[in-house]
Amino acid sequence: MDLAFSKEDNDFREEVRTWMTENAPRERRPRDLVAMREFDLAWQRKQYAAGWAGIGWPEQFGGRELPLTQQLIWYEEYARTSLPPIDARFVGLAHAGPTLMVRATPEHQAFHLPKILAGEVVWCQGFSEPEAGSDLASLKTKAIVDGDHLVVTGQKIWTSFGPVADYQELLVRTDFDVPKHKGITWVICDMKSPGIEARAIKTIEGGQEFAEVFYDEVRIPISNVVGGINNGWSVAMSTLSFERGTAFTVSQVQLSTSVERLIEMAKSRKSVNGRPVIEDEALAKKLARARADVAALRSLTYLNISRNARADQPGPEGSMLKLQDADLTKRVFKLALEVLGTRSLANPHEEDDSYWVDRHLLSYSSSIGGGTSEIQRNIIAERVLGLPR
Amino acid sequence: MDLAFSKEDNDFREEVRTWMTENAPRERRPRDLVAMREFDLAWQRKQYAAGWAGIGWPEQFGGRELPLTQQLIWYEEYARTSLPPIDARFVGLAHAGPTLMVRATPEHQAFHLPKILAGEVVWCQGFSEPEAGSDLASLKTKAIVDGDHLVVTGQKIWTSFGPVADYQELLVRTDFDVPKHKGITWVICDMKSPGIEARAIKTIEGGQEFAEVFYDEVRIPISNVVGGINNGWSVAMSTLSFERGTAFTVSQVQLSTSVERLIEMAKSRKSVNGRPVIEDEALAKKLARARADVAALRSLTYLNISRNARADQPGPEGSMLKLQDADLTKRVFKLALEVLGTRSLANPHEEDDSYWVDRHLLSYSSSIGGGTSEIQRNIIAERVLGLPR
Amino acid sequence: MDLTTSPEQDEIISSSAAFLRDRLPITRIRALFDESSNVDDAAWSGAAELGWFVLGLPEANGGVGFGLADEVHLFREIGRGLATGPFLSTVLAARVAAFGGHAALAEAIGGGQRVGIVIPGSSTLIGADGSLTGPLQLLDCEADGLALAVSPEQAVLVRVSDLTGVTPVACIDPGVRLCRADASGVAPIARVTADVDPVQRRGHVLAAAMLVGINEAVRDLSAEHAKSRVQFDKPIGVNQAIKHPCADMAVRAQLGYAQSIFAAVANDEGREDADYHAISAHLAAGEYADLSAAATVQIMGGMGFTFEHDAHLYCKRAFVLGQLFGGTSTQLGRLLDLPSAR
Amino acid sequence: MDLTTSPEQDEIISSSAAFLRDRLPITRIRALFDESSNVDDAAWSGAAELGWFVLGLPEANGGVGFGLADEVHLFREIGRGLATGPFLSTVLAARVAAFGGHAALAEAIGGGQRVGIVIPGSSTLIGADGSLTGPLQLLDCEADGLALAVSPEQAVLVRVSDLTGVTPVACIDPGVRLCRADASGVAPIARVTADVDPVQRRGHVLAAAMLVGINEAVRDLSAEHAKSRVQFDKPIGVNQAIKHPCADMAVRAQLGYAQSIFAAVANDEGREDADYHAISAHLAAGEYADLSAAATVQIMGGMGFTFEHDAHLYCKRAFVLGQLFGGTSTQLGRLLDLPSAR
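Protein chains in written order, with the numbering used here: chain A, 1 to 389; chain B, 390 to 778; chain C, 779 to 1120; chain D, 1121 to 1462.
To be clear, the hints were calculated from the coordinates, so they are not data collected in a lab. Among the hints, erroneous ones may be present.
Claimed, not checked - Taking lysine-lysine pairs in the DSS-like style, the calculated list, with each CA pair at most 25 angstroms apart, reads:
1. B/K435 - B/K504
2. C/K1005 - D/K1347
3. D/K1354 - B/K571
4. B/K591 - D/K1354
5. B/K719 - B/K656
6. A/K180 - C/K1012
7. A/K180 - C/K1005
8. D/K1354 - B/K569
9. D/K1354 - B/K531
10. B/K569 - B/K529
11. A/K192 - A/K202
12. B/K723 - B/K656
13. D/K1354 - C/K1012
14. D/K1347 - B/K569
15. A/K115 - A/K202
16. A/K46 - C/K1005
17. C/K1005 - A/K334
18. A/K286 - A/K270
19. B/K656 - B/K591
20. A/K286 - B/K723
21. A/K286 - B/K531
22. B/K591 - B/K719
In this text the structure is predicted, and so the values were computed from the model without any measurement.
If we strip away everything but chain A, and leave its shape as in the complex, we get (with noise of 0.2 angstroms):
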């Protein structure tokens, strides 16, 4: 066991570190959706320039195909600069991207990657209906065929990003007549054909990243579809363990980082009765369990990727991380408020202490999305301890 990195790792480190700190984007990242869009394509291809798209993908996809550990080190690194979120840029690198690797045609392969990896491109993802989440197997967008073409017509949603994405790997009904999972086709949508209206949904903090996209006969070139007709949740479920432990580490870094600046803030505050908020014992003792949590979340990503480093597929592992992940974001970022005090009733856009308030509204979706902490717990609980279903 140790926790020291070897001399290339720290050399890595180093290297990273001085990339980052000198190429960080100086701009404040946009909230309109399209100037995000290419804000987040603009840093992409500032990465890819320099030999940093896809640092954990495969070199004969053009990806940097770094061990475990550097991956780690590259996201530590990535947090502690605070650079841009992964946001536009997720789905094209972490999910569709990934599932094309193992799942698609060469011709499709060869057509799509090096886009994802230069910043050309936006993916985004059509999984989600409105009466299809946890139950996402019940999807009823359906797809007709239609001589060398899909026809689709229903709705999506969650799509984030969906009014600015290039494609998005989606997910129809072929077949309504056998069991849920089987008659399920993924299939690479051109986001700019006829027949697509995405609307923004707007979010609780004000955000307008997320999308319904509604689907209305829409043609799409059965060359389109990955892995065969009615084979789409294996091709779908194909990529979930693509991080391999990595996932949580800039948000487990950025909660680090959080309760720090938030000791930091304690101390440096006055609350309503006049005296430094720190001193106010109870929430200093919140703080401070804060501080072991976190720590003890960091150790968990560090195990994890240990294993991950020696296995050939991750284990369930990775739901703890979500689990606790969620449970801690919602937790330090509520604290955040109980420094703020009467200030949280503030959520100004330009001030500092409304990063506070908007990242406590965010949190909220840290239990919900990407698999809600009740099925994370289920999961835990059926594949890692054998409970009955």
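Take the given structure of chain A and dock chains B, C and D to it, following the hints.
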């Protein structure tokens, strides 16, 4: 709406308080089960002699049939005077007795009810079995009709005061070939019958009040059956709402008293670092929070009793009181350990500190016994909110 | 002792619920979101006509002469309906005016003049003479209007125009209008001490009542969703991970309601532990509403995270109401300093 | 960076688990409950022969020369097995003797001499000269034996016979022997400061390891019960009210384990944030074990409330381990005072 009690009620409170103060048992309640039985019965006889037995029982059965408000007052004063727990008297006064009142023959009533009121007998309950806990109706202790007797073989568990009880309200299975709720019979079992063995179960705080009871071809006259053969489930359920909202009054007053005592202790004692415990603001705020929550529990008790005094049939709000009482009991006595600090390591049965440690350990049972908190939540969600089963 | 509602209270409940449903539905929050004022003038006048702002004021002072326990039922509906506008501070301000000897002002407030409320910043003080000093925030105040400032000892009304640096800022709650401001020795135009009228105590109880309404609203929203939302071929309410949080909301709603009316009656009957119960009500109902509203967002899933859904509005309003009259931390400290309840 | 176990650690785990299962099964707690000593002499000697008490002591000091990360795996098994006897304090005491210049005493401890531990009372002090003063409690100490007292700055060994008023009292944990005592300037027979050997830091980490073992044990107990206990014709584990608490136990066990080994390796590698991680480990593993053990009693239902079932023994041991090295409140204060982690 008013909180003020009538002059009649206030006079009643005065009378009760005076009587309780003058007649409270002076000796410590013994820990030995046989001695405890005698102590509890003696205390019941004292109340009986003074006309206080069965304050909620109908006059026709020798009770006082006090209005709910005066029952509330009685229990409040009872708790404030720290009188002995109902323990060994509970099943007779609050469960088996009331069941007999509504379901038994006049002969049974005439024979048993006066003995219960007068403190001549101890009743116990034979409902739960090792394999039938929350799923009580799955009980398997079998009774075969043999002439004018039932012959009972099987095992019961969680029978409080089983080894020293005179009678038992016993649920047996008389028909194995019908749906489980339909083959159950409620019968009065004489605990002196040959073939009965009661073994004490030691509990986590060292108590010996629970027992397992084993039945080896125990012969019980069929005339002891109440409500008819195979009709026992409805008999067992007929007393569920007998308390009409007063069931947790004693516990609630004790919680309130406990919180106040803990605040006093926190003011007078010093913690490891030498400063008064109350100056640990994190702890102080937990004590304040406990005050607010205990106040709300008391208010709900008052509200519940007010409603029940106007309704024929109490609603499922009783489950709410039980759930919150369990939660707060666990929280308050856990808090007690924090106030005691390292002195909570010691559990010598002679000292005041041990009271708190004992109560903490006992509190584990508050969310288990008499229907687990999980079951209470099911009941509230399904019966109050109408959620699907 | 009887804590069931009187026929008069049942009437307050049904008429105020109907008025709010018709005139100030929750959708008004989004409709007014981009307006500088969150008040619907017509609805406000309607409320004044119904006597809402002087419901608990003695008839001798031009009020309806009801008790705080009656007002609790009105404010529970206002909370449930997330009605926008300074209802709470206006009702308290009418008392400050009336008991502070400003009958005309009391009458104006009762007739529809609005009064917002001051949220003290660090080191904000109401002096012995009632003058206000320090950095502060204003909730639902108007530039040419009045603001109420309250401490455990006294309550005062000041002119917003006497404050400096009044700057609107976005509030976490889209149904509330917030400003930052400073006061340096601003003299009150009306003042009343707690021994004459316990304004802060009444504020605690009415804030608690609003929080109870919120708790009840999210309980119903969650239960309805648990019954109607189908996943894996069953209503999600069959899952204990949904069912049990709903049960907890039901328990919290009852507890908060019980404590709020207990506190109100304790006040109306002049019990010496009235402050104890009022602070307990605010603390208990505040925490319960907070927990229930957050659990509701979770139960609603993605929908609960959208601006269009009401779930977040309950969370945010509950949060704002928790900040009133010192905020949770200060309230806990005060409660612990009081003698035990009777 | 690699936090997976080495083959040597796997060997420690399997051999210590086997030894404890055979020689010190949990049933020994009840078997020895009425005895004045909770130690099984033969098993203790067996542990000494296996080198348990000097596993982490350098070879130059007569130890096995393993790291704290290796000891963590031994103590995790000791915790899981609820082994009785002063394992933790004896291992730390061997270090105080060795680094305090008492090689013969270190050897004796390594060979099987037991050392209990002092739990400070209010105002108990270890002076600058290592002398011990104040009211205190003793865990697993023997009248003619030694006791270890630890502060963040130093660790000392004192003779129990030098204390006054040594009085046995029942401990909340039936597997632990407790005495009350007083010390008035008792001189230590061995002493080491934290800069020479960070005894308290190591104590935090080993206590954390024991708490992890407890958490893992109750997780397994609960999961097994959830699978085998049938109610309403199904294993109770199908209910989310059972399933989800079990999942939470699994998460807590992993988190506690991860933080314990992180802290141990941080110590072994001489990182400047080693104290930070050690205290975090004790706090995190302590809270996690506490929550998991309490949830286990609930999941077990009535059985979990009996003395014969093991569930309560885990609760009680977790509670005792939480009281070591200052207790939770003090540890939280210290953690907040430290510079942030690297």
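Comparing the hints with the structure gives:
1. B/K435 - B/K504: 14 angstroms, holds
2. C/K1005 - D/K1347: 29 angstroms, violated
3. D/K1354 - B/K571: Roughly 20 angstroms separates the two Cα atoms, so the pair holds.
4. B/K591 - D/K1354: 29 angstroms, violated
5. B/K719 - B/K656: Distance ~22 angstroms between B/K719 and B/K656 Cα, so the pair holds.
6. A/K180 - C/K1012: Holds: A/K180 and C/K1012 sit about 15 angstroms apart, inside 25 angstroms.
7. A/K180 - C/K1005: Given that 25 angstroms is the threshold and the Cα spacing comes to 23 angstroms, the pair holds.
8. D/K1354 - B/K569: Given that 25 angstroms is the threshold and the Cα spacing comes to 15 angstroms, the pair holds.
9. D/K1354 - B/K531: This hinted pair holds, its Cα atoms lying about 22 angstroms apart.
10. B/K569 - B/K529: Distance ~10 angstroms between B/K569 and B/K529 Cα, so the pair holds.
11. A/K192 - A/K202: 22 angstroms, holds
12. B/K723 - B/K656: 18 angstroms, holds
13. D/K1354 - C/K1012: 19 angstroms, holds
14. D/K1347 - B/K569: 23 angstroms, holds
15. A/K115 - A/K202: Cα-Cα ~29 angstroms, so violated.
16. A/K46 - C/K1005: 50 angstroms, violated
17. C/K1005 - A/K334: Status violated; Cα separation ~30 angstroms.
18. A/K286 - A/K270: Holds - the C-alpha atoms of A/K270 and A/K286 are around 17 angstroms apart, at most 25 angstroms.
19. B/K656 - B/K591: This hinted pair is violated, its Cα atoms lying about 35 angstroms apart.
20. A/K286 - B/K723: 18 angstroms, holds
21. A/K286 - B/K531: 55 angstroms, violated
22. B/K591 - B/K719: 20 angstroms, holds
Of the numbered hints listed earlier, those contradicted by the structure are 2, 4, 15, 16, 17, 19, 21.
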